[in-house]
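This is what each chain is made of:
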Amino acid sequence: MLNILVVDDSLIIRKTLTAQLEKIGHTVVAQAKCGQEAIELYGEYLPDLVTMDISMPIMDGIESLKEIKENYESAKIIMITSRGEEKLVMESLTSGARGYILKPITRDKLETAISKVYPEFSND
Amino acid sequence: MNIKDLTQYSKSLKILYVEDNDEARESTLLMLENFFDDITIAVDGDDGYEKYINYYKSQNRYFDIVISDINMPKMDGTEMCKLIFVHNKNQHILMISAYNDSERLQELLNMGVSNYIHKPLRLDKFISVLEDITINIRTIKIKENELKEIEQLNNGLDALVDSFDSYVIASRTDLKGTITYVSKAYEIISGYTKSELIGQSHNIVRHPDMLSSTFKNIWETIKDGKLWVGEIKNLNKDGSSYWVDANIAPYYDKNNKHVGYSAIRVDITSQKALKSLNLEVNNLLNNAGQGFLSFNKNMQISKSFSKECLNIFKLKDIYNCNISDVLFGDDLIKKDLFEDGISRTLLSDEDVIKEMFLTLLPIEHIVNGKDISIEYKLLDDDKFMIILTDITNTKKLESKLKKQNQLQKMIVAVASNKNDFIELKEEFEHFLIAPIDDLRDFLRQLHTFKGVFAQKEMVNIVDTLHSLETNINKKVQEDNTTIENIIDVFKDYDLEKTFNIDLEIINSTLGDCFLTVNSSSSIDISKFDNLKLKIERLESTDMSNSLQDILYDFERMRYESLYLMLNSYPSVVKQVSSKLGKKIYPLIIEGDKKLNVSSEFKPFIKSLIHLFNNCIDHGIEDIETRVEIGKDETGTIVCKFNEIDGNIQLIITDDGSGIDIEKLVQNAIKKNIITQKELESININEKLMLIFTDRLTTKDKASYTSGRGIGMSALKNETEKLDGVIDINSKEGSGVEFIFTLPIK
Numbered sequence: 000m001l002n003i004l005v006v007d008d009s010l011i012i013r014k015t016l017t018a019q020l021e022k023i024g025h026t027v028v029a030q031a032k033c034g035q036e037a038i039e040l041y042g043e044y045l046p047d048l049v050t051m052d053i054s055m056p057i058m059d060g061i062e063s064l065k066e067i068k069e070n071y072e073s074a075k076i077i078m079i080t081s082r083g084e085e086k087l088v089m090e091s092l093t094s095g096a097r098g099y100i101l102k103p104i105t106r107d108k109l110e111t112a113i114s115k116v117y118p119e120f121s122n123d
Numbered sequence: 000m001n002i003k004d005l006t007q008y009s010k011s012l013k014i015l016y017v018e019d020n021d022e023a024r025e026s027t028l029l030m031l032e033n034f035f036d037d038i039t040i041a042v043d044g045d046d047g048y049e050k051y052i053n054y055y056k057s058q059n060r061y062f063d064i065v066i067s068d069i070n071m072p073k074m075d076g077t078e079m080c081k082l083i084f085v086h087n088k089n090q091h092i093l094m095i096s097a098y099n100d101s102e103r104l105q106e107l108l109n110m111g112v113s114n115y116i117h118k119p120l121r122l123d124k125f126i127s128v129l130e131d132i133t134i135n136i137r138t139i140k141i142k143e144n145e146l147k148e149i150e151q152l153n154n155g156l157d158a159l160v161d162s163f164d165s166y167v168i169a170s171r172t173d174l175k176g177t178i179t180y181v182s183k184a185y186e187i188i189s190g191y192t193k194s195e196l197i198g199q200s201h202n203i204v205r206h207p208d209m210l211s212s213t214f215k216n217i218w219e220t221i222k223d224g225k226l227w228v229g230e231i232k233n234l235n236k237d238g239s240s241y242w243v244d245a246n247i248a249p250y251y252d253k254n255n256k257h258v259g260y261s262a263i264r265v266d267i268t269s270q271k272a273l274k275s276l277n278l279e280v281n282n283l284l285n286n287a288g289q290g291f292l293s294f295n296k297n298m299q300i301s302k303s304f305s306k307e308c309l310n311i312f313k314l315k316d317i318y319n320c321n322i323s324d325v326l327f328g329d330d331l332i333k334k335d336l337f338e339d340g341i342s343r344t345l346l347s348d349e350d351v352i353k354e355m356f357l358t359l360l361p362i363e364h365i366v367n368g369k370d371i372s373i374e375y376k377l378l379d380d381d382k383f384m385i386i387l388t389d390i391t392n393t394k395k396l397e398s399k400l401k402k403q404n405q406l407q408k409m410i411v412a413v414a415s416n417k418n419d420f421i422e423l424k425e426e427f428e429h430f431l432i433a434p435i436d437d438l439r440d441f442l443r444q445l446h447t448f449k450g451v452f453a454q455k456e457m458v459n460i461v462d463t464l465h466s467l468e469t470n471i472n473k474k475v476q477e478d479n480t481t482i483e484n485i486i487d488v489f490k491d492y493d494l495e496k497t498f499n500i501d502l503e504i505i506n507s508t509l510g511d512c513f514l515t516v517n518s519s520s521s522i523d524i525s526k527f528d529n530l531k532l533k534i535e536r537l538e539s540t541d542m543s544n545s546l547q548d549i550l551y552d553f554e555r556m557r558y559e560s561l562y563l564m565l566n567s568y569p570s571v572v573k574q575v576s577s578k579l580g581k582k583i584y585p586l587i588i589e590g591d592k593k594l595n596v597s598s599e600f601k602p603f604i605k606s607l608i609h610l611f612n613n614c615i616d617h618g619i620e621d622i623e624t625r626v627e628i629g630k631d632e633t634g635t636i637v638c639k640f641n642e643i644d645g646n647i648q649l650i651i652t653d654d655g656s657g658i659d660i661e662k663l664v665q666n667a668i669k670k671n672i673i674t675q676k677e678l679e680s681i682n683i684n685e686k687l688m689l690i691f692t693d694r695l696t697t698k699d700k701a702s703y704t705s706g707r708g709i710g711m712s713a714l715k716n717e718t719e720k721l722d723g724v725i726d727i728n729s730k731e732g733s734g735v736e737f738i739f740t741l742p743i744k
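Line by line, the protein sequences are chains A and B. Taking numbering that gives the first Met the number 0, I'd label the letters of the first sequence as residues 0 to 123. Taking numbering that gives the first Met the number 0, I'd label the letters of the second sequence as residues 0 to 744.
If you are wondering where the hints come from, they were derived from the structure by calculation, not from laboratory data. One or more hints might be untrue.
[To be verified] No more than 20 angstroms apart at the CA atoms, straight line, and that leaves these computed lysine to aspartate or glutamate pairs for DMTMM-like:
| id | chain 1 | residue 1 | chain 2 | residue 2 |
| --- | --- | --- | --- | --- |
| 1 | A | Lys14 | B | Glu627 |
| 2 | A | Lys86 | B | Asp330 |
| 3 | A | Lys75 | A | Glu62 |
| 4 | A | Lys102 | B | Asp621 |
| 5 | A | Lys32 | B | Glu627 |
| 6 | B | Lys232 | B | Asp266 |
| 7 | B | Lys630 | B | Asp493 |
| 8 | A | Lys108 | B | Glu354 |
| 9 | B | Lys333 | A | Glu85 |
| 10 | A | Lys115 | B | Glu354 |
| 11 | A | Lys65 | A | Glu110 |
| 12 | A | Lys86 | B | Asp329 |
| 13 | A | Lys115 | B | Glu349 |
| 14 | A | Lys86 | B | Asp339 |
| 15 | B | Lys353 | A | Glu43 |
The following block holds chain A by itself, in its conformation from the complex (with noise of 0.2 angstroms):
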């Protein structure tokens, strides 16, 4: 099972988000609030996935994909994102995120976008 690190601003995100990831079998081994502190626990933990929100206070989830991926090429990142924020997903894919789960988030959304960077963790 995956160690996860997870970034979001808000602590009811970070909460459902731990809460659901910890149900399918994984572990979350830390939790950033925003994108600076992301980069710093990534470095401390270096987890085996990170979930992303997009947006956030601070640092946004962009930015602090790109720092992470520049100082850890393997990083392997999720973001989490809302409607209408298609072209910062896509930024942010085209700067090496594995993928993106649209909110609200679901067990299933979870276990989808998980299982295309770990292919091992498919249901099928």
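Given the coordinates of chain A, assemble chain B onto it according to the supplied hints.
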């Protein structure tokens, strides 16, 4: 040949010079060096032969010329030449002989030595002999090259014949049509062997599907000496068939005599199959009623697309058109998203990511007034496929369903508090025709109506009132606005018409008499029972599942108690909080159900909606903040009332953030409601009372629910009409308590 030309040529020749006499060798070398650059020296026949063999072994070629003395120790010239000729019978050998050696010279000439020269060596003689040898060598070399070329040509011709045989489906017949020759390719395609075919009539491969008129035409053409070209279906040995594109022509022998016919063919079976498959696929696509098209990385639409595309785009042809222009037209935002997505897809080198880009492209667009859904597929060679489906009807159905649900909600809300609604209707109708003298009072009423209608789920009139309010507020903020200007804005809105649409729907559902029933505070039981019957009848026609609830509400209407007056608020709180995304426990109303109050309380009770709205919108924090500061993530609002000394005490509390006094005071100063000086002289309680001042709000932006700063002042007005007083207790961070004390009378 002059000497210069000769030496130029001879310099490149490889020479073996064999001579045992040192003196003779030295002197001859002096002369030879004028003609040759590369001379190998041997000192006797034995040495000469060894060097000859070694040279061949190391260079893989022979010396061009061997120059040798005859009379030598160990092995003489004759012996050496014999051995050399065994290896290379074409070797040029020039013997240098003494005059007394004619016998051995004769023997050498018989052996094949072509040139000799007598001692002592004379230059003119040597040149003449060298000339002969050189010409000889050159001629041989030219011949060798010619031979090589011919050999190559032969090989090429063989390959050509071979490939003709294996790739060209060829056959010949005699004049009667009996097969005289077939190529290997013919054997393969027909399934017959050469021996099975030769001697047979060409009809052996004729397919029954072919018309005899076609063969008649072929015969007439070729008998006439002309070429026949066309498609023929042939029969295989195993009974299957194949299509060829055939060229059949008369065949002439070497003497130009017409001896038969020859035919070459190209297999077009797969071509034919593809063509018919294409036709089938096109048929399917054209009749699917969906738009299928593909386009390349330059956004150009490919030639094949389904007919429905032209219907959707209302164009005569879309081949080579830019897909982004055709599909999204002037919608620059969607165009940009589409083009950006496509170019990013092309730049990505992973299929998984490419697919993800496609999921981000616009999935719906209105084309020529129709709702079109768009699906994207990635094809090979950087091509994309688009599937367009007209979903106009589905959309219409969806919105119709939504509207029906909304209407149902309205009917239930109206019917469950009939008296309430009839009063509201009369008040509103009065409001619409009453002269406007006090603008503030007018706006306050407008705002209250909006709130109450929203409570009744009357979306049409609420939308209109909201828009009117927004426009009036805009006007108010302009300079030099007079009350007449405001009245003009008001008159632009035909509120009566909008309201009547809703009324008609209510009438047509609940029956005409529903709204015309006399509305006194005591209900005529017989009329009520009539109504009840009517609704029961309506229920049997299955108009609404919720009518069961209405019936229950009707029962409740017999009581005229404060408790029942307040009873619509639990659903209001639920509705507003879900609209605003707040989590709140169901509103509890605590108090004596039998406590009756005068109907004069009704306007006050109605205006409480602003207070509840404020509590939910401003008071209760969002879920996340509540969790973060350690509060129960679900908020609580409580409404309590009791009777104390002939007064009604109504208390509404929430556990929200409390009133932000700082902000309230700042806004009051900003809006010139209070001066800095006045502020210093008032206490906290008075400061809190500022919340009831007209146009004062702690919100920076008005929402649908609250924030205009009108509602609370309306509530204060209604309280004062009942000679009541308001107290506020606010604890920043933990909530507010509003206490209304109202004389029962």
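Verification of the supplied hints:
With a C-alpha separation of about 11 angstroms, the suggested pairing of Lys14/A with Glu627/B holds against the 20 angstroms cut-off. Proposed proximity of Lys86/A and Asp330/B is supported: the alpha carbons are some 15 angstroms apart, at most 20 angstroms. Distance check on the hinted pair: Lys75/A and Glu62/A sit about 15 angstroms apart at the alpha-carbon level, within 20 angstroms; holds. Of the pairs offered as hints, the one joining Lys102/A and Asp621/B holds, with about 18 angstroms between alpha carbons and a cut-off of 20 angstroms not exceeded.
About 13 angstroms separates the Cα atoms of Lys32/A and Glu627/B, which keeps this hinted pair within 20 angstroms; it holds. Distance hint between Lys232/B and Asp266/B is fulfilled; the C-alpha atoms sit about 10 angstroms from each other, no more than 20 angstroms. For the hint pairing Lys630/B with Asp493/B, the CA-to-CA distance comes to about 47 angstroms; that exceeds 20 angstroms, so the pair is violated. A hinted pair counts as satisfied when its Cα atoms are at most 20 angstroms apart, and Lys108/A with Glu354/B qualifies at roughly 16 angstroms.
Our distance criterion of 20 angstroms between C-alpha atoms is met by Lys333/B and Glu85/A, whose separation comes to about 10 angstroms. With a CA separation close to 11 angstroms, the supplied pair Lys115/A and Glu354/B stays within the 20 angstroms bound. At most 20 angstroms may separate the alpha-carbon atoms for a hinted pair to count; Lys65/A and Glu110/A exceed this at roughly 24 angstroms. A distance of roughly 19 angstroms separates the Cα atoms of Lys86/A and Asp329/B; the hinted pair therefore holds under the 20 angstroms criterion.
Under the criterion of a C-alpha separation no larger than 20 angstroms, the hint pairing Lys115/A with Glu349/B is consistent with the structure, at around 12 angstroms. For the hint pairing Lys86/A with Asp339/B, the CA-to-CA distance comes to about 8 angstroms; that is within 20 angstroms, so the pair holds. Pair hint Lys353/B plus Glu43/A does not hold up; C-alpha atoms about 32 angstroms apart against a cutoff of 20 angstroms.
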